[in-house]
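*Asks:* Chain by chain, the residues run as shown.
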Amino acid sequence: MVEKYSIRTEDLDLHYDAFKALSNVNIQIPEKTITAFIGPSGCGKTTLLKCFNRMNDLIANCRITGKIYVRDIDIHSDIDVNALRRDVGMVFQKPNVFPMSVRDNVTFGPITHGVKKKSDLDKIVYESLHNAGLWNEVKDRLNKSALGLSGGQQQRLCIARALAVSPDILLMDEPTSALDPISSGKIEDLCDELKSRYTIVIVTHNMQQAIRISDYTAFFLLGEMLEFGETEEVFSNPKNKKCENYITGRFG
Amino acid sequence: MHIQKKHTKEKFFKALFGATAILTILEVASIIVFMLYGAVPALQKIGFLNFIFGSEWNSSNYDTYTGPMEGLYGIMPMIVGSLFATAGAVLVGGTIGFFSAVFLAEFCPKKLKKVLSHSINLLSGIPSVVYGFFGMKVLLPLLGVFSENGDGAGILSVSLVLGIMITPTVTALSKTSIEAVDRSFFEGAVALGARKERAVFKVIIPAGKSGIFASLILGIGRAIGETMAVVMVAGNNPIFPSGIFASFRTLTTNIVLEMSYGGELQTGALIASGAVLTFFILATNICFGLIRNSGSRFKGKKSSLATLATSYTSTDFTEATKAEGLLDLQTTDGELQNSQTFNNNFLVTSKKTDKASLIGKHMGTVSTIIACVSLFSIIIFILVNGLPYITSELLFGEFSYAGTPSIASSIVSTLMVIVLGSVVAFPLGIAAAIFLAEYANKNGKMCKIIRLMSETLGGIPSIVYGLFGLLFFCNILKMGTSILAGGLTLSLMIVSTTIRGTEEALLMVNDSLREASYALGAGKFRTIRKVVIPNALPGIFATIILGISRMVSESAPVLFTMGASIKPMPTGFKSSGATLAVALYALGREWMHINESYATACVLIILVLILNIASAMIASKFTKRLTCTT
Numbered sequence: 001m002v003e004k005y006s007i008r009t010e011d012l013d014l015h016y017d018a019f020k021a022l023s024n025v026n027i028q029i030p031e032k033t034i035t036a037f038i039g040p041s042g043c044g045k046t047t048l049l050k051c052f053n054r055m056n057d058l059i060a061n062c063r064i065t066g067k068i069y070v071r072d073i074d075i076h077s078d079i080d081v082n083a084l085r086r087d088v089g090m091v092f093q094k095p096n097v098f099p100m101s102v103r104d105n106v107t108f109g110p111i112t113h114g115v116k117k118k119s120d121l122d123k124i125v126y127e128s129l130h131n132a133g134l135w136n137e138v139k140d141r142l143n144k145s146a147l148g149l150s151g152g153q154q155q156r157l158c159i160a161r162a163l164a165v166s167p168d169i170l171l172m173d174e175p176t177s178a179l180d181p182i183s184s185g186k187i188e189d190l191c192d193e194l195k196s197r198y199t200i201v202i203v204t205h206n207m208q209q210a211i212r213i214s215d216y217t218a219f220f221l222l223g224e225m226l227e228f229g230e231t232e233e234v235f236s237n238p239k240n241k242k243c244e245n246y247i248t249g250r251f252g
Numbered sequence: 001m002h003i004q005k006k007h008t009k010e011k012f013f014k015a016l017f018g019a020t021a022i023l024t025i026l027e028v029a030s031i032i033v034f035m036l037y038g039a040v041p042a043l044q045k046i047g048f049l050n051f052i053f054g055s056e057w058n059s060s061n062y063d064t065y066t067g068p069m070e071g072l073y074g075i076m077p078m079i080v081g082s083l084f085a086t087a088g089a090v091l092v093g094g095t096i097g098f099f100s101a102v103f104l105a106e107f108c109p110k111k112l113k114k115v116l117s118h119s120i121n122l123l124s125g126i127p128s129v130v131y132g133f134f135g136m137k138v139l140l141p142l143l144g145v146f147s148e149n150g151d152g153a154g155i156l157s158v159s160l161v162l163g164i165m166i167t168p169t170v171t172a173l174s175k176t177s178i179e180a181v182d183r184s185f186f187e188g189a190v191a192l193g194a195r196k197e198r199a200v201f202k203v204i205i206p207a208g209k210s211g212i213f214a215s216l217i218l219g220i221g222r223a224i225g226e227t228m229a230v231v232m233v234a235g236n237n238p239i240f241p242s243g244i245f246a247s248f249r250t251l252t253t254n255i256v257l258e259m260s261y262g263g264e265l266q267t268g269a270l271i272a273s274g275a276v277l278t279f280f281i282l283a284t285n286i287c288f289g290l291i292r293n294s295g296s297r298f299k300g301k302k303s304s305l306a307t308l309a310t311s312y313t314s315t316d317f318t319e320a321t322k323a324e325g326l327l328d329l330q331t332t333d334g335e336l337q338n339s340q341t342f343n344n345n346f347l348v349t350s351k352k353t354d355k356a357s358l359i360g361k362h363m364g365t366v367s368t369i370i371a372c373v374s375l376f377s378i379i380i381f382i383l384v385n386g387l388p389y390i391t392s393e394l395l396f397g398e399f400s401y402a403g404t405p406s407i408a409s410s411i412v413s414t415l416m417v418i419v420l421g422s423v424v425a426f427p428l429g430i431a432a433a434i435f436l437a438e439y440a441n442k443n444g445k446m447c448k449i450i451r452l453m454s455e456t457l458g459g460i461p462s463i464v465y466g467l468f469g470l471l472f473f474c475n476i477l478k479m480g481t482s483i484l485a486g487g488l489t490l491s492l493m494i495v496s497t498t499i500r501g502t503e504e505a506l507l508m509v510n511d512s513l514r515e516a517s518y519a520l521g522a523g524k525f526r527t528i529r530k531v532v533i534p535n536a537l538p539g540i541f542a543t544i545i546l547g548i549s550r551m552v553s554e555s556a557p558v559l560f561t562m563g564a565s566i567k568p569m570p571t572g573f574k575s576s577g578a579t580l581a582v583a584l585y586a587l588g589r590e591w592m593h594i595n596e597s598y599a600t601a602c603v604l605i606i607l608v609l610i611l612n613i614a615s616a617m618i619a620s621k622f623t624k625r626l627t628c629t630t
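Going down the list, the protein sequences come from chains W and A.
Numbering of the first sequence is given in the working numbering, commencing with residue 1 and proceeding in unit increments.
Numbering of the second sequence is given in the working numbering, commencing with residue 1 and proceeding in unit increments.
Careful, some of the hints might be misleading.
Here are the computed lysine to any residue pairs in the SDA-like style, where the Cα-Cα straight-line distance is at most 20 Å [to be verified]:
(1) A:Lys137 to A:Ser374
(2) A:Lys621 to W:Ser101
(3) W:Lys118 to W:Asp104
(4) A:Lys445 to W:Ile59
(5) A:Lys9 to W:Asp57
(6) A:Lys530 to W:Leu142
(7) A:Lys530 to W:Ile111
(8) A:Lys530 to W:Leu147
(9) A:Lys445 to W:Asn61
(10) A:Lys114 to A:Ile370
(11) A:Lys9 to W:Ile79
(12) A:Lys442 to W:Ala60
(13) A:Lys355 to A:Pro206
(14) W:Lys123 to W:Asp104
(15) A:Lys448 to W:Ala60
(16) A:Lys9 to W:Thr112
(17) W:Lys94 to A:Asn510
(18) W:Lys94 to A:Glu515
(19) W:Lys94 to A:Asp511
(20) A:Lys11 to W:Asp78
(21) A:Lys9 to W:Gly114
(22) W:Lys94 to A:Ser512
(23) A:Lys9 to W:Val115
(24) A:Lys114 to A:Ser374
(25) A:Lys567 to A:Tyr261
(26) W:Lys144 to A:Leu513
(27) W:Lys116 to A:Phe525
(28) A:Lys11 to W:Ala83
(29) W:Lys116 to A:Arg529
(30) A:Lys11 to A:Leu23
(31) A:Lys14 to W:Ile59
(32) A:Lys11 to W:Ala60
(33) A:Lys11 to W:Ser77
(34) A:Lys9 to W:Ile111
(35) W:Lys186 to W:Asp215
(36) W:Lys242 to W:Asn26
(37) A:Lys11 to W:Asp80
Which chain W residues stay away from chain A? Per the calculated CB distances, all over 10 Å, these [said to hold, decoys possible]:
(38) Ile27
(39) Glu31
(40) Lys139
Read the hints as simulated data drawn from the structure, not as lab findings.
Note that the structure is a prediction, hence the values are computed from the model and not measured.
We treat Cβ as the ideally placed atom computed from N, Cα and C, and that holds for glycine.
Whenever a hint applies, use it, and build me the whole structure from the sequences.
*Replies:* The following block contains the structure:
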């Protein structure tokens, strides 16, 4: 069977003004897997992540050359960027729930994309929260402000919110870095469950986390992808010397 | 898969918001064009030099552009009068304001500080016509005792009234810039052995001096453009002021005194003096802008001027003040080294200079007491004299030209003006602010021009709006003196404050919320409508209330455009009438209805205080909520 790729890049370069943040990135991310991006701070992993749903459009001085394909569609061709972001969901480093009720947080996306019927919305609320492992904790306070949730709950609400628009791909930018170990564990378990239905790309500083949850790992340094392969292979037998040094803790 | 062709809705809204923002440029341009259009024929007839440098003003309302000229139109006495009045006001208000700010920021007990700061902020909203009324009823008889001719009106009375009027503004802004100075400077100075007073006056204040300077310039702007407070206490003879008790006119009062019955050439000359006034104000504002932008040394002013809470400006503020403060610390270091070479003389030097700093500290206490006493005595005096006379007859009585006056028609006119002004100004201002905060490229030329224009609009004195409204709405659009013309004029006046307030509220919404919404595939317009605006709503609401409060308190712009005396109940927007502030002016200048004027002043003060307290409460709740979110 020919492997299907959710995301593919060809000779991707990215500049902030004169600064080259990504150079010549060629990556192929297989469908329904978890891919971890690792590397020291400022190596370009979050920047690359934000390329996949064109969040970098929001940065004025950012210039991209090369191609990015999401499911074989060139995302810099004449497409609706909002629809792209519907297909490629994102969870941020710091939980950023809207100051609205739990329910309104989840329904914001679906309503944006035209879901109107209350029964449909109720179903989405239940499924998303359930899939995010949050349903039992919030079912009695759906109409209360989401700001009252704990940090871990807020982050899982953000995941539920992202799931509610039924994306194919989920981008996670260090989703557990602001959380306590128990909450982090819950989110890791969640990723594992979600893998059967979504392609997940996760940026992490935590190499144990990468080993625990990911199928593939990409190592970045100074804007270049130096190593990409199956996680076990990358961590046990890295081909790139710098990658080995990073993994064995000699820098970063 | 949902990826599909993009739609054009987004572009439409961007264009719509952009268009409203461009309207601000149009507004400034048309004010300038129409002022020139009114002024140039008169200047040609009178002669530019004769007009500016002429030392006699003796207008005749029979003069026309074509016939022979009987009157004399030299505005030099008024220019000099304006300059003296402004200088006096800054001397009084600047000194009291500065030292009060030092006291409040550094030496005031914490509990007292909160109360005093809030009340001084509220007092900055008192309508200027109330200051004038107080000056006329209380200050003039008091000063008359010391005056040779028994009349207290003149430079001294104007300086005191304007000085007290600008004190809250100067205090609030100076306090902000003193408090914004990095505390490590203070700690550094104290660690060197300086006493608290010395640390404050030698390190903190020099580090915050750019912001303090800015607050003084803003005070100058308010004083030079003020009309109604001055006209009631200046005596109003169009001659060079010859002493502190000599009657005189300023540029603004000259306009308000003669405009309503002006002849053809006379009106032109008054509009020309409005243009001169605008020039003065714009020159002040440009100086202010230049100082603000001249290198990092003065960057701090930006954040002291913008409301305290905008977080991003405060970062470059700290950097700027750090740079400044370092210089000052170095000089302190220098002094220290010198004194060490002279065998530990630092202690001696410090004792010497402590004297000056100690005096400064006491000045702070005294100034705060003066400021509070005078500001509160104005309110209390007016409440005590007016409250007993707020009768149902005054508030709801039938209008009659004879007998006891009723302000019922004024209350209705005020409400109608507020509604009209709000309907025009707030949608425009809010849409323009959305463009500036959400769409425009912050460093782009377009954005800079619009912001400059919006700031310019904020600096134009209210009486110039009145002149413009008279020319444009009343005469050219043939609305006549009407509530319609008055409401439109007021709406032009509050557009700039609406833009600024709304923009600040929008910028306070955390960017991570925008990102989250975009990441869910919401478009820009949807993000603004569903995420940004709901979160900024309390801030926008506070801005709207402040705008309404300004429409209630201003009198100069509506005096020419909707009438200067109390009229029968309006029958529609075409009717003329006086707003409450104008009614106070009209009543106050006739000694016959003294009790009714106190009562009207009461109604005005209570109304404005309620609006301002509401606005402040909403704004502070808003800030608290947003800081919780982040």
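*Asks:* Each of the hints needs a verdict: does it hold here or not?
*Replies:* Quick rundown of the hints versus the structure:
no.	hint	in the structure
1	A:Lys137 to A:Ser374	holds (14 Å)
2	A:Lys621 to W:Ser101	holds (19 Å)
3	W:Lys118 to W:Asp104	holds (12 Å)
4	A:Lys445 to W:Ile59	holds (18 Å)
5	A:Lys9 to W:Asp57	holds (18 Å)
6	A:Lys530 to W:Leu142	holds (19 Å)
7	A:Lys530 to W:Ile111	holds (11 Å)
8	A:Lys530 to W:Leu147	holds (17 Å)
9	A:Lys445 to W:Asn61	holds (16 Å)
10	A:Lys114 to A:Ile370	holds (18 Å)
11	A:Lys9 to W:Ile79	holds (15 Å)
12	A:Lys442 to W:Ala60	holds (10 Å)
13	A:Lys355 to A:Pro206	holds (18 Å)
14	W:Lys123 to W:Asp104	holds (13 Å)
15	A:Lys448 to W:Ala60	holds (17 Å)
16	A:Lys9 to W:Thr112	holds (14 Å)
17	W:Lys94 to A:Asn510	holds (12 Å)
18	W:Lys94 to A:Glu515	holds (11 Å)
19	W:Lys94 to A:Asp511	holds (12 Å)
20	A:Lys11 to W:Asp78	holds (15 Å)
21	A:Lys9 to W:Gly114	holds (15 Å)
22	W:Lys94 to A:Ser512	holds (8 Å)
23	A:Lys9 to W:Val115	holds (19 Å)
24	A:Lys114 to A:Ser374	holds (19 Å)
25	A:Lys567 to A:Tyr261	holds (18 Å)
26	W:Lys144 to A:Leu513	holds (18 Å)
27	W:Lys116 to A:Phe525	holds (19 Å)
28	A:Lys11 to W:Ala83	holds (16 Å)
29	W:Lys116 to A:Arg529	holds (18 Å)
30	A:Lys11 to A:Leu23	holds (18 Å)
31	A:Lys14 to W:Ile59	holds (18 Å)
32	A:Lys11 to W:Ala60	holds (18 Å)
33	A:Lys11 to W:Ser77	holds (18 Å)
34	A:Lys9 to W:Ile111	holds (17 Å)
35	W:Lys186 to W:Asp215	holds (18 Å)
36	W:Lys242 to W:Asn26	holds (18 Å)
37	A:Lys11 to W:Asp80	holds (13 Å)
38	Ile27	holds (20 Å)
39	Glu31	holds (13 Å)
40	Lys139	holds (22 Å)
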